[in-house]
Amino acid sequence: MDVSTASAPNEPRLRASDLLVWSAALASLGVCLAIVGHIFWQGAAALSWEFLAAAPESAGRAGGIAPILVSTALILGVCIVASLPVGLATAILLAEYADAGTIFGRLIRRSLDVLAAVPSIIFGMFGNAFFAKTLGLGFSILSGGLTLACMVLPLFIRVAEEAFRSVPAPHRLAVASLGFSRASAILRVLIPLAAPGILAGLVLAVGRAMAETAALLFTSGYSDRMPESLFDSGRALSIHIYDLAMNVPGGNANAHGSALVLIVLLVAINLLVSWFLHRFVKKGFHTP
Amino acid sequence: MILSKVQFGARTAAHRAGEDRRAMHPAEIVARDLSVRYRGKPAFAGISLGIPAGQITAVIGPSGCGKTSFLMCLNRLTDLVPHAEVTGSLEIEDLDVLAARTNLIALRREVGMIFQKPNPFPLSVRRNLALPLREHGVRDRKRIDEIAEGALRDVGLWDEVKDRLDEPALALSGGQQQRLCIARTLVLRPRVLLLDEPCSSLDPISMAAVEKHIASLRGRFTLVIVTHNLAQARRLADRVAFFWIRNGTGCLVEQGTAREVFEAPRDPLTEAYIKGLEG
Numbered sequence: 000m001d002v003s004t005a006s007a008p009n010e011p012r013l014r015a016s017d018l019l020v021w022s023a024a025l026a027s028l029g030v031c032l033a034i035v036g037h038i039f040w041q042g043a044a045a046l047s048w049e050f051l052a053a054a055p056e057s058a059g060r061a062g063g064i065a066p067i068l069v070s071t072a073l074i075l076g077v078c079i080v081a082s083l084p085v086g087l088a089t090a091i092l093l094a095e096y097a098d099a100g101t102i103f104g105r106l107i108r109r110s111l112d113v114l115a116a117v118p119s120i121i122f123g124m125f126g127n128a129f130f131a132k133t134l135g136l137g138f139s140i141l142s143g144g145l146t147l148a149c150m151v152l153p154l155f156i157r158v159a160e161e162a163f164r165s166v167p168a169p170h171r172l173a174v175a176s177l178g179f180s181r182a183s184a185i186l187r188v189l190i191p192l193a194a195p196g197i198l199a200g201l202v203l204a205v206g207r208a209m210a211e212t213a214a215l216l217f218t219s220g221y222s223d224r225m226p227e228s229l230f231d232s233g234r235a236l237s238i239h240i241y242d243l244a245m246n247v248p249g250g251n252a253n254a255h256g257s258a259l260v261l262i263v264l265l266v267a268i269n270l271l272v273s274w275f276l277h278r279f280v281k282k283g284f285h286t287p
Numbered sequence: 000m001i002l003s004k005v006q007f008g009a010r011t012a013a014h015r016a017g018e019d020r021r022a023m024h025p026a027e028i029v030a031r032d033l034s035v036r037y038r039g040k041p042a043f044a045g046i047s048l049g050i051p052a053g054q055i056t057a058v059i060g061p062s063g064c065g066k067t068s069f070l071m072c073l074n075r076l077t078d079l080v081p082h083a084e085v086t087g088s089l090e091i092e093d094l095d096v097l098a099a100r101t102n103l104i105a106l107r108r109e110v111g112m113i114f115q116k117p118n119p120f121p122l123s124v125r126r127n128l129a130l131p132l133r134e135h136g137v138r139d140r141k142r143i144d145e146i147a148e149g150a151l152r153d154v155g156l157w158d159e160v161k162d163r164l165d166e167p168a169l170a171l172s173g174g175q176q177q178r179l180c181i182a183r184t185l186v187l188r189p190r191v192l193l194l195d196e197p198c199s200s201l202d203p204i205s206m207a208a209v210e211k212h213i214a215s216l217r218g219r220f221t222l223v224i225v226t227h228n229l230a231q232a233r234r235l236a237d238r239v240a241f242f243w244i245r246n247g248t249g250c251l252v253e254q255g256t257a258r259e260v261f262e263a264p265r266d267p268l269t270e271a272y273i274k275g276l277e278g
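Protein chains in written order, with numbering that gives the first Met the number 0: chain A, 0 to 287; chain B, 0 to 278.
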């Protein structure tokens with residue numbers, strides 16, 4: 000009895016280790032709040048409907064970011080359209096066909112790890128050399144989107160593969176014992192069951208693509224005009240922020256405004272997807 | 000458009016004819032000198048066992064004696080286990096199960112399997128039953144609903160779920176989920192039903208319900224049930240096969256009618272096991 004009261008949890012005694020853990024946690028929270036707070040503080044003034052709807056003027060110092068938003072959306076669209084099928088197919092191959100031990104499986108995994116470790120500026124140079132020059136796509140939204148696709152593929156594949164692997168074994172047994180062919184087991188059961196994880200991977204990939212600057216510098220280019228096709232050069236939000244902050248004297252206010260838009264978009268996408276997943280998982284993937 | 004409708008109709012009719020033909024004929028199973036090795040290590044060896052059509056055969060024995068592996072041979076789920084090797088001969092009616100050319104999809108449609116833990120898909124009750132039907136070519140919604148209702152009635156679930164067909168299957172109780180899994184197999188009109196300890200994860204009341212409906216399938220299907228519950232084997236089985244482990248390998252000690260095995264076992268091992276002295 001004495002022993003238990005001596006170490007009672009409600010005894011107010013602050014240990015050094017508690018202090019360390021708490022201050023570390025508060026510090027990281029503080030860094031996050033400081034950055035977001037600063038951007039809100041500085042950026043809110045620039046934000047208005049006109050800012051979102053107007054074209055930039057005077058190299059972005061004045062005016063808005065409408066064409067930049069459109070270019071960003073197009074670049075992300077190209078990135079998703081290119082990486083989704085390739086990434087999904089590779090994830091299925093790795094999770095369902097190639098045994099973890101086979102040379103082929105190991106080779107693919109290892110090369111994905113290497114790809115994931117490549118700095119984004121290298122992807123930018125590769126995109127410039129391959130998509131812009133060799134394939135002749137020039138500085139264009141297409142070049143930028145495809146470069147981003149190469150960059151986010153390893154991340155997306157890893158997460159999607161994990162999603163396939165985490166489909167519980169009893170479901171696999173059920174599907175096999177009901178006489179499903181391998182293809183329809185994958186199409187009708189495994190992909191739907193893995194869908195939340197696949198979607199999470201896609202959001203991570205989009206988030207990374209959206210925040211990317213270096214890979215787009217040499218591929219989608221700087222043009223801040225409204226793009227007319229995927230072959231036009233288009234400036235992504237992150238490039239716009241970079242340009243305003245670094246190259247345009249007096250561009251700071253709009254740089255902060257653009258940064259605020261970028262952060263709000265990222266948060267919104269994450270919230271939207273988690274809401275969607277919640278609904279999805281709760282109701283099952285079947286709603287016809 | 001018209002052509003596709005004609006083909007669609009023909010397909011459904013053919014399917015229906017196939018269903019009715021098979022539904023009348025539970026299949027007989029004959030295993031001769033059947034053995035399974037995993038990475039060279041035998042799980043069970045030299046099992047010769049006849050399983051008569053339309054009866055309930057219980058496979059009993061201690062853990063690790065190869066009962067589940069034996070069941071998995073019958074629908075070739077052993078193919079999913081890397082480095083599993085099955086030897087001997089195994090026939091279901093005139094079908095050579097172990098032949099390389101055997102169509103696994105057709106085999107598994109004829110030989111359904113129920114697992115220890117209920118494993119309905121995280122879908123609605125209705126979709127759980129529709130999915131295997133669609134996979135096997137039944138597209139007509141009305142027809143799917145009819146077959147689903149029949150299967151749910153067979154397992155006594157219809158009155159319990161008829162108003163919640165579009166609710167998630169995972170919201171059902173454990174016993175209901177297991178009966179749904181049986182129904183999900185029954186929609187394909189299999190000739191053989193393999194049950195791997197189907198009640199081991201259920202409470203006694205759910206178990207009684209599942210057991211009752213398994214018993215009601217006697218005659219229409221050939222049922223092979225693996226169970227650790229000797230009382231359940233006594234209640235359900237027409238025939239009993241007793242497996243044991245010798246030198247780390249499963250083997251068949253005794254088989255016969257339930258009365259023979261439970262009341263006049265020939266082998267002292269069997270006698271000890273059913274009296275609860277060993278295992």
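What the hints contain is simulated information worked out from the structure, not anything from laboratory work.
Where a beta carbon is used, it is the ideal one built from N, C-alpha and C, also for glycine.
Among the hints, erroneous ones may be present.
Claimed, not checked - So the derived label-pair ranges between C-beta atoms look like this:
hint, chain 1, residue 1, chain 2, residue 2, range
1, A, 194, B, 247, 38 to 46 Å
2, A, 44, B, 166, 46 to 54 Å
3, B, 142, A, 164, 30 to 38 Å
4, A, 164, B, 172, 26 to 34 Å
5, A, 269, B, 237, 17 to 25 Å
Hint check results:
Between residue 194 of chain A and residue 247 of chain B the beta carbon distance is about 43 Å. The supplied range of 38 to 46 Å therefore holds. The hinted window of 46 to 54 Å between residue 44 of chain A and residue 166 of chain B holds, with their beta carbons roughly 51 Å apart. At roughly 36 Å, the beta-carbon separation of residue 142 of chain B and residue 164 of chain A lies within the given 30 to 38 Å, and the hint holds. One distance hint, 26 to 34 Å for the beta-carbon pair residue 164 of chain A and residue 172 of chain B, holds here, with the actual separation near 30 Å.
Separation of residue 269 of chain A from residue 237 of chain B is about 59 Å and departs from the stated range, judged on CB atoms against 17 to 25 Å.
In the structure shown, a violation is registered for the earlier hint numbered 5 alone.
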